[in-house]
Amino acid sequence: MDYIKKQLPDSLTKTGGILLGFGVIIMGLAFIFTPQRAFFDYLWVYLFLVSIAVGSLALVALEYLVGATWSTPFRRVSEIMASMIPVLILLAIPLFFGLHDLFHWTHTEVVETDAILKAKSPYLNVEFFAIRTAFCLFLWFLFYWLITKNSEKQDIDGDVKYTKRNITLSTIFAPVFIITITIAAIDWAMSLEPHWFSTIFGVYYFAGTIIAALAATTFASIKLKEGGYMDSHLGNDSFYSLGTLMFGFNVFWAYIAFSQFILIWYADLPEETFWLIHRWEGSWKYVSLALLFFHFIMPFLILIGRNAKTNLGLLKFMAPWMLVAHALDLYWLIFPTLFKGSAAFGWQELSFPFIVIGLTMIVFKMSANKKNIMAVKDPKMEAGLHFHL
Amino acid sequence: MIGNILKKFDDKFLKTEPRTGKLYAVSALFDTPDQIIHAAEKVSGAGYKKFDVLTPYPVHGMDGAMKLKPTGIGWVAMVAGMSGTTLAFLMIWWMVGVNYPNIFGGKPYFNLTASIPIMFELTVLISALTLVGSLIAIYMKLPFNANPLMDTEFVRRVTSDKFGIYIAADDPKFKLEEVRAMFEELGSSAVSNIHEAEYDKGKTNNPLTDKKFVGALVGTAAATAMISYFVLNVLLFLPPFDWMHRQPKVLPQTESKFFKDGWSMRKPVEGTVARGFMPYEFKGMPDSMVVATPNPLPVTQKVLDLGKKRFDTYCSPCHGFYGKGDSRMRGQFPVPPTLHSQKVTNWKDANIYHVITNGQNTMPSYQSSISRDDRWAIIHYLRVLQRSQNAPDSDVEGK
Amino acid sequence: MSLDATYKREIPLVEGKTSFKEIDDVIAKPTETKPNIKWWIAIGISSTALMIGAVCLGLTFWYGVGLWGNNQPVGWAFDIINFVFWIGIGHAGTLISAILFLFRQKWRTGIARFAEAMTIFAVMTAGIFPAIHTGRPWLDGYLFPYPNQHSLWVNFTSPLLWDVFAVSTYFTVSFVFWFIGLIPDFATLRDRTTSGIKKAIYTLLSLGWRGSNRHWQHYERVYLILAGLSTPLVLSVHTIVSFDFAVSVIPGWHTTIFPPYFVAGAIFSGFGMVSTVLIIVRKVFDMEHIITVNTLEKMNKILLATGTMVGYAYAMEFFIAWYSGNPIEQFTFINRAFGPYAWAYWIMFSCNVFFPQLFWFKKIRRNIPLTFVLVLLVNVGMWFERYVIIVTSLTRDYLPSSWGMYFPTMYDFGILLGSFGMFFTLVLLFAKTMPVVAMSEIKAVTEGAQPTHLKKHEEEIDYRTQY
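Residue numbers (my numbering), protein chains in the order written: chain A, 1 to 389; chain B, 1001 to 1399; chain C, 2001 to 2467.
Some hints could be false.
Unchecked claim - Taking CB as the label site, the calculated pair distances span: (1) C:2376 / B:1247: 42 to 50 Å; (2) B:1083 / A:134: 51 to 59 Å; (3) B:1083 / A:11: 50 to 58 Å; (4) B:1313 / A:294: 48 to 56 Å; (5) C:2139 / A:235: 53 to 61 Å; (6) A:134 / B:1112: 38 to 46 Å; (7) C:2022 / B:1041: 24 to 32 Å; (8) B:1041 / A:307: 24 to 32 Å.
Worth flagging that the hints you see were computed from the coordinates, not collected in a lab.
Even glycine gets a Cβ: it sits at the ideal position worked out from N, Cα and C.
Model the full structure from these sequences, guided by the hints.
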């Protein structure tokens, strides 16, 4: 391999800073004029960042767990994507000021008169919510720190023991991830409609996070490869599996979404259907249909062929597409609680792309400059670089 | 006996006679994958077209070495799969949406959500079967057991542990000595000439003139027909078990030795009234009182719609859709009278009600089939019909 | 996955230095020799079980399904339990042959053929139950939409009809996939055999295959596409089976996690059964160096993973039952764990979630006798999972006045026994008449089977990726 460490350009931080600043201004104005809506926007941003960051960490763990070879050149990119996790801890703090605006179940006077919410209050109360949030963030940070530390140490001496340690860590992280992401999904998205429940909800969000993480990794890797920041031996065939996994998890997402939909539609119980009806009222209908077409049908048709997955130009187009689709998915999950009857997208919501893109650019650059963009001494690196179909 | 049969099989399938037909190909065996890749590159590089490499398992990189075009069989799966989806969609849509609509669980007749599972299954089924069918029949042109390569030492080795290559004798560049020399030079462990069998020439290749083949075909067709007939016309129409049907219970309309009147069916207790069912309220009343009873229903669009529905169901088979007595039963049945006669027009509503309830002449009682309110609604509708058929000029707008 | 493993060259799939000829010899041996006494004992037992089942089934047809324990309120019992159980068993075969193929897991090669065959036999066994549970199997033709004399069409809104399509598609595609894989091996056997009748049969089955690379080229792509088609298919089958329950409003059945939960459970139970059979087969046919301990260890890892997924589903069901605030759902789950069928629940829970956790330890994963015990427990646990789901929900649903208990009769047990008899009889016949390991695939992954210039980097992978 001929990888030589190259610093990412400073323009990344500058552009990111401008975008982030712009986004923060929009959000600040939103907080002044429409505070409740601003908190929903903030939750949207936050969940999207969780998807990318924690999903990327899960991807790294998954690759260790199954002993994948092809993924070795991309692993560090996923690790850098996961470096958003420490930032997430800070970003969680403002969220707690908005609990009253976001979550119906925090209104004690309502809970008193609502038998169902009252029955749920042992779980849905602010103290326990805070404990769970802290628990999830702590575990994510812990595993992020442990796994990336080992990975970076390996850059120095290439010792195999670090890989083995990470395999053990990843094995433990697998159940931890499933449990924490389920808690996150239930707490931050499902409890927005506290009367509604669905056992598959954790799996639904999990599928989304992996798609987001794969898309982010794919996009960043292609950009880095084009900029000459990665090893020159990295060929198009190596990207095949990224494309395949993106395709596969997208089908998995659709499968989970369809399972949830058909069961609720078929049984037709009012205690479940109202959640779907909210997403079919007025212009929400078009958001739902857009989700179906842009999150599943079109990516499915575009990515199904074998050649599509080795075509970097197409992948560079499809990866942001899937990120937008995931943002739409989260919008569809979060906002019907606020905009009842019809969907809305105002200037307040424009903060989402600015903050997400700007923050990701800054964090990515800061993290990437501190370490190698490729795990240079990973024992599987050479084989991963020369992966052929 | 069994020994004899086995012996016959041995004679037919294991005996190989020396082949004396014309030269089919020259073959060469190699021991390692490297050698065969090299040989394939050499042969394709030399411009031979009718050659093939035979290996016990797919060797990586052989397609490139043989200069083969990439396979396009993926498109077969794609096209077949999409046809499967469409076919399933159209099938379900037509069967339950058009031809035989029924409500199940309050869902629409045809609904996409509930159709998706079967659409998916048929996509996979049709795609897989078409794919495999076309692989075998079109892309590989199998079954082909008459190939002269069959039953040679060459094929026997390449299906087990050696790597083989052959160049067919009808290749335009084929020269026996050159080919043999090239194979020897490449380090082949066994170069041999493969001849066609002598009997190949005389034997006709047209299976349609082969008695056994035609016989088997006819036999299969006959067996299939008989089995289908048996399944569709006999098995599916076997009566259900009657021993489950015969049970110690009384059936309606049968005799009972238990009850004094000898009937299995019981009459309701005297004076009871079934839910939603009113007894005939004019029983025993003087005629004048009956006639004076007004229609209890108001004349509204809803009532008229109900009346039309009931009239079309119960009355129109004999009286016709317009009450003219010109029904579809005409000629098969005593012709019922028109309802536009002076008599009926002058009747009070209650008179008509009486006739519907109790019947008249050949008309039976409709007491049990049309509810009380429905009868009154029919009468309102009948009045509409009468008016429409005898409309005075004043009804026409503008007069 | 484990700490104490060392980086070393992958132990080859086929242990020891084996030539292609030797591979043929070992794999073809059962088809070319007279069965040994172990085989006769095994088939004796299994065919006896099959006969018992056949007798019970015959009596059922004669007297009607009243012979079974099905009664109010449990109208669905052993018939559906056994159906779901056997369909689930089938899933492992497709997973091994298709999904692991797509994931380029080479270790699957030694067991793929066998697992595929088990899929087919399991689906055949499963197919019996929906056919007989109506009591009138000769009327099953009505299940298919054909233009009949009554001018009726089937109910396309019913998940039971989806089952008909799913199971028949699954069987057909699995069968085709299996047969395609067998063609090169039939050709090998055709060219080896010394018996005329076998030669006739193998000639017929091998379709004149001669290993041409012009064929391999298309063949390989078709194999890949079939694997790609089978993967969503296998998911859809158990998903649709789960719809049979989940679209209804019976408490404990209607929950959205059912589809993935059933799929995970199916793969789990299937791997349990594949392991059970493989451990027996490698002993009976002396194939310890082809179906290696490494392979079994990897299967144990998958058992651990899927068992934990099933545990996640159990936990989610319990949590959401409480969280939903629906008293009937809450009661159903309390009733499962502590009601009259608590014994079944705890058998299910311990066999499916608790005992597989022992596979965290490498020593246990590589211990064949212990693995055998654990996979047997998995089989038991997964049968009881369906028992718990079906029986506990039906015995106590909404109206306490309609509660009742379920008591299976000896005919129920007889048919269950018969289903095992049928499955194992078919497995044993298969193992004796066909190559139980894909010879052509095994050859392709032995050392030195591929050209060296392409192999350079791949060998490096093999050195380092096996832990």
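Next on the checklist: Output the indices of the hints that this structure fails to meet, ascending.
Outcome noted: none
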